[in-house]
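Since the structure of chain A is already known, use the hints to place chain B on it.
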Amino acid sequence: MRRATRERWLEGLLWVLAALLLGHGRGCLGALPSFEPAAREPGTLRLLTWNVGGADDGTPHALERDDLAHVARVLDESGADLVLLQETGGSETELLGHLGPRWMPMPGRGGAMAFARRGQITRWSTPLARAVGVTWHIEDRTFAVLGVHASAFSAKDRNRELGPLVEALLEQRADGHILAGDLNLDLDLDKRADLFSNDLALDVESYNFVAERLEDAARHAGPTAEPDRRLDYVFVSRAFTVRAAAPWRGHRIGTMDHEPLLVDLAISGAR
Amino acid sequence: MSVRLESLRLVRSRRPLVAAGALLLFLVLMLVGFYTYAQSRTGGAAEFRYTFENRSYFNGLTFALYAFYFGFVLLLPIFAATEGGAQLAGDTGAGTLALFLTRPVSKARLFFTRFLVAAGYTTLVTGLFLAVALALGLVAVGWGDLRLYPGVLQMTDRPQSLAQGEALMRFALVWPAASLALLAPLAFAFWISSLAKSAVNAVSTAAALYLVLYLVAEVHFFAELRPWLFTSHAAYWRELLQETPDLEALLRHASASLGFTCLFLALAFRRFRRREEGA
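Residue numbers (our numbering), protein chains in the order written: chain A, 1 to 271; chain B, 272 to 550.
Just chain A, with the same shape it has in the complex:
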C-alpha cells in the first residue's frame, strides 16, 4: 500500500515538473515581433521599405489602384522619414496625390520609388533596372540610399544583381550607406526549412556578400512576406545604430504579399 502511494507521488511529481518546465519554456518559439510606430526614440531616423505589389491567384501584379489610399495611409501613419517602395507599377503620381505635398518623390526604374518626408533627396544612377538610388540630405548629414527589387525567380540573377549594386552604393561619398528593399533572398535563418530558392548556395553567397559589408538591421524580426518568408531587408553601414527594426504586421491588404519593414536608426556620433 505504501509502495503504491509512493509511486503515485512520484508520478505526480513528474506531472508537476513537466508543467513547470514547459511553462517556463513556453514562448521560446512564440509570436513574431512587429514594429511599434508609436515608440520612437528622439533623434532617430525612420526608414520604411515595402514591396507594394502582390500576386492574384498566382499571377504577380504591381500596386493596384484600389490599394493606393491604404498604402498612403500606412506610409503616413508609420512616421517614416524616408520610404522605399518596390513594384509601384506606374502609380507614382496617383500615390503622391494621396500622400500630399509633404512628401518629396524620387522615381527610380522598374517600379522602384523613393519618398522623403524629412530632408531632401537627389537621385544617383544605379546599375540595375529595378532600383532607385538617392542621396538623402538630413540633419546636416548626407546618406547614400539604395532601394532594390532583386529578381524574384532566379538565384543566379539575384547573385549577379546584388554585387554591382552594393559596390555602386558603397562608392557613393556619404556619411552612411543604406541598402533596402525586396532582395528575394530567403535563407531560412529562423529555421523554418524554406524551399523558396532555386539555388540556396548562390543565395547564401549573395547574402554573405552584403552582410560582410553592411549590417542586416532586421535580422531577428522574422518573415516579411507570405508564406512565412524573409525577403525584405534593410542593410546599414556602421554610421548607424539600429534602435528598432521589424515588419509592421497586418498592414498588407488585398492580394499584397509583403508587409512594410520599418527601421529606426540612430546616427552614430551624431553632431
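Simulated from the structure, these hints should not be mistaken for lab results. Given the structure is predicted, the values throughout are model-derived calculations rather than measurements. Heads up, the beta-carbon is just placed ideally off N, CA and C, and yes, glycines get one too. You may find that some hints are simply not true.
What the hints assert, rightly or not - Under 7 Å between C-beta atoms, here's a sample of chain A residues computed to sit facing chain B: (1) A18; (2) G119; (3) I121; (4) W124.
Said to hold, decoys possible - Residues from chain A shown here face chain B by an in silico Cβ test under 8 Å; the list is partial: (5) E7; (6) E11; (7) W15; (8) L17; (9) M104; (10) V210; (11) A211.
Chain B only, in chain A's frame:
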C-alpha cells in the same frame, strides 16, 4: 534491480556496438563528402577550405560542427529511441519483466533505474560522437578558429568567429546541452515502450514517430504547431556556438526539452505502474 546489472544487460545487448559502428561510418562518409567537395572546388587540389557558405574558412572544428549537427538531428535521436523502445517492451515480450517483479523490487525502482542507465548511455554516446568528430577533424584537416556564416547550418545571421580555445570550450558545453535534449526522444520512446508488448514494435514505432515529429517541426508553414513539438527544441545547443549566446533563449529551450522529458516519463510511468505484468 541495480544500475550495474542494467548496464551489463545494455553492454551485452550489443546495441552500443551497433551505434558506435553507425556513427563512425557516418563520420567517415562526412569526411569523404567534404574531401570530394573540396576536390571539385579546388581543381583537384582537395584543399579543405571550401564550403557552401564561404570559400576559405573550413577546418576541423567546422567539420566537427557539421558532422555533429547532422548526426544529432537524424542519428542520435534514433539511437535514443531505439534504447528507450527496447527497455520495457523488450522484457515484456520476453516475459522476463514479470520474472523481475517477483523479486523484492518496486516498479518505480525498475522503471527509473532503466531510464537512468539509458540516459547515461545516451550521454556517453553523444560525448564520444562529439569527441571523435573533433579528433577526426584535427587529424584530417587541423583545427583553427571556428568561423560561422549564414548558410546551410542556419546557425547565424551574420558572419561570426570564435577563437580556437573558446570554440573548444563551447564544444565542451555542447555535450551536456545536447545530451539533455536527447532525453526527450528517449523518454518518448520509454512511453511507447510502456504501451507495447514487443521490442521491435516499440522501437520501430518510436523511431517512426520521432521522424514524423522532426519533419513536421521543420515545415515552415507550421509556425503555430512547432512550439508544441519536442523536436522543435532539440537543436537549441547550437546557441552555445554563437559569439554571444542568448542565455535566456538557451534556458527556455532547455526547460522545454526537460519539460517534455518529464511529460513523457509521467505518461510512461503512469502506464507502467498500472499495468498487470504477465497478463
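Consistency of the hints with the structure:
{"no.": "1", "hint": "A18", "result": "4 Å, holds"}
{"no.": "2", "hint": "G119", "result": "29 Å, violated"}
{"no.": "3", "hint": "I121", "result": "29 Å, violated"}
{"no.": "4", "hint": "W124", "result": "27 Å, violated"}
{"no.": "5", "hint": "E7", "result": "5 Å, holds"}
{"no.": "6", "hint": "E11", "result": "5 Å, holds"}
{"no.": "7", "hint": "W15", "result": "5 Å, holds"}
{"no.": "8", "hint": "L17", "result": "4 Å, holds"}
{"no.": "9", "hint": "M104", "result": "33 Å, violated"}
{"no.": "10", "hint": "V210", "result": "10 Å, violated"}
{"no.": "11", "hint": "A211", "result": "5 Å, holds"}
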